[in-house]
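Peer 1: These protein sequence lines map, in sequence, to chains A and B.
0 is the number of the first residue of the first sequence in numbering that gives the first Met the number 0; add one for each residue after it.
0 is the number of the first residue of the second sequence in numbering that gives the first Met the number 0; add one for each residue after it.
Everything labelled a hint here was simulated from the structure, so no lab data went into it.
Don't take each hint at face value.
[Unchecked claim] Looking from chain B toward chain A, a few residues come up when the C-beta cut is under 7 Å (computed):
(1) Tyr276
(2) Arg287
(3) Thr347
[To be verified] Facing chain A, from chain B, some residues (calculated, C-beta under 10 Å):
(4) Leu108
(5) Gly136
(6) Thr138
Note that beta-carbon positions come from the ideal geometry of N, C-alpha and C, so glycine has one too.
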Amino acid sequence: MATRVGANRILRAGRFHHPFGDPNRTPEGEFLWRRQVVEAALRALAAPVEGPTTFEVTEYVMR
Amino acid sequence: MAFRVVHYLNQFYGGIGGEAQADAPFTVREGPVGPGRRLEQALGGDGRIVATLICGDNAFHERRDEALAKIVAAAREWAPDVLVAGPAFASGRYGLACAAVTARVGAELRIPALAGMHRDNPGAQPLDPPIYIVPTGETSVEMDAALEGMARLARKLRSGQPLGPAAVDGYLPRGIRRNMRDKRPAAARAVDLLLGRLAGAAVETELPIEVRDRVAPPPPVADLAHATIALVTEAGVVPKGNPDGIEAARATRWARYSIEGMERLRPGDYESIHGGYDNAWVNQDANRVLPVDALRTMERERMIGRLHPEYFVTCGSIGNPTEMRRMGREIARELSAAGVTAVILPAT
Chain A
0 MATRVGANRI LRAGRFHHPF GDPNRTPEGE FLWRRQVVEA ALRALAAPVE
50 GPTTFEVTEY VMR
Chain B
0 MAFRVVHYLN QFYGGIGGEA QADAPFTVRE GPVGPGRRLE QALGGDGRIV
50 ATLICGDNAF HERRDEALAK IVAAAREWAP DVLVAGPAFA SGRYGLACAA
100 VTARVGAELR IPALAGMHRD NPGAQPLDPP IYIVPTGETS VEMDAALEGM
150 ARLARKLRSG QPLGPAAVDG YLPRGIRRNM RDKRPAAARA VDLLLGRLAG
200 AAVETELPIE VRDRVAPPPP VADLAHATIA LVTEAGVVPK GNPDGIEAAR
250 ATRWARYSIE GMERLRPGDY ESIHGGYDNA WVNQDANRVL PVDALRTMER
300 ERMIGRLHPE YFVTCGSIGN PTEMRRMGRE IARELSAAGV TAVILPAT
């Protein structure tokens, strides 16, 4: 949907109820995961794009 | 008897002159002028142009309300059955003027009204209520086709017959969906679409989602370590009690709330009033939508310059695009005045 309405930098993150959250993790695990999602958002902001582009979260800490 | 048409043109097509004459004040000529002659031919005797209203593009926009009032008054004197504006092709100022004249004269005289322009003309942005716009080419090379299309739609609107879908009757989609009956059940149509897609045929969805805005992507943030990052959301996350009364659906309000000095959004202090998703998880912890806690640590680590001290919020549930666009503009203006570099927009 984000692509079809023309959003240019799209990050595939959590569920739409909690895009920056994952209630299935422990509180500490969820916070670490959230940081990674925000880092991915910042990478997207710093990336040149030509049109709607989807970015993924790279996880480097296991749950 | 032929129906009466009043035609709106700018100074160029009205034969007054080019850009140097864009200040030309509003004038009225009896009968057709310039492209109006070919428009009348295209109407094939069904309609005739009784008067042409001409206004310089700059003169129109510099005193828009005054110009529109004069245009409405002049149109009224000629008692038209239909108003036609343009075609403006890709010309922005002319297109915006044509759209405004079409909307205003149509509403005040209660007559069918239409404009012609290229679909990317800023004048073709959706208005509320929507107007009829016949899509044209980008330049006057496409004049004949444009006038044919405009004449066809003028006849159809004048006839009072129900209008078909935009693609069939030759106008830009107006964001209106109508139910229609089909003999075949939805399941059969859906499978056909799928089979068509698998076979590589050009299949058309029954529910197109319009791409209404094409926004050029902003350049990448060059220096995150000195950037001010703001949080803006349509998720309806507000301080508990919803102090500004943002609506749970079809919102018309947005608000801003301070997060200055906060390590995180404290559980219990915030809630979501958004009527379109299960709010349980964000009500437990609002950082799940607005990642204030994570951004604070990154601010301390100098990964970003700073987190903007306010977040902005509205509610996107069943949002009206016109309202959403207005609120987006208002919020963008605030962000830009505050020197914000970039925005993260958590969407629900």
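Peer 1: If you take the shortest Cβ to Cβ gap from Gly136/B to chain A, is it below 10 Å?
Peer 2: violated, 23 Å
Peer 1: Hint validation: Tyr276/B versus chain A, beta carbon distance must be below 7 Å. Holds or violated?
Peer 2: holds, 5 Å
Peer 1: Quick check on the hint: Arg287/B CB to chain A CB, less than 7 Å?
Peer 2: holds, 3 Å
Peer 1: Was the hint right that Leu108/B lines chain A, CB cutoff 10 Å?
Peer 2: This interface hint is violated because 35 Å lies over the 10 Å limit.
Peer 1: For the restraint on Thr138/B, tell me whether the closest CB of chain A is nearer than 10 Å.
Peer 2: violated, 25 Å
Peer 1: Under the criterion of a CB-CB separation shorter than 7 Å, is Thr347/B in contact with chain A as hinted?
Peer 2: holds, 5 Å
The structure is inconsistent with the numbered hints 4, 5 and 6, although it conforms to all the rest.
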